[in-house]
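Q: Full structure from sequences and hints, please.
Numbering-wise (the UniProt record's numbering), the sequence shown opens with residue 1 and increments by one.
No lab work stands behind these hints: they were computed from the structure.
For glycine and all other residues, C-beta sits at the position ideal for the given N, C-alpha and C.
Treat each hint with caution, since some may be false.
Said to hold, decoys possible - Label pairs and their calculated CB-CB ranges: (1) 29 with 50: 34 to 42 angstroms; (2) 69 with 34: 42 to 50 angstroms; (3) 50 with 18: 26 to 34 angstroms; (4) 14 with 43: 32 to 40 angstroms.
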Amino acid sequence: MIAKERDGSERLVMFTDAVAAIALTLLILPLLETVAEVPSFDELVHEHRSQFGARHPRALQRVALRARLGRPSPPGAE
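A: Below, the structure is given as structure tokens:
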């Protein structure tokens, strides 16, 4: 019983990680066209700061925090 619950929770974590990776990819893809035109990353962020998180700022903050901190390793993975 515990093994099945653990497998289910691991699957949920993997699914959540996949969704976060897809979300990050979809956020970055529109910027790829702009990167070639802007000489520095700072200028790119400055020019498009109003677009970052304009629709869902809290969700973007959570995704950015998760990407920055990463997911901790499961017990026994080391």
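Q: Each of the hints needs a verdict: does it hold here or not?
A: The hints, checked one at a time:
{"no.": "1", "hint": "29 with 50: 34 to 42 angstroms", "in the structure": "18 angstroms, violated"}
{"no.": "2", "hint": "69 with 34: 42 to 50 angstroms", "in the structure": "27 angstroms, violated"}
{"no.": "3", "hint": "50 with 18: 26 to 34 angstroms", "in the structure": "29 angstroms, holds"}
{"no.": "4", "hint": "14 with 43: 32 to 40 angstroms", "in the structure": "37 angstroms, holds"}
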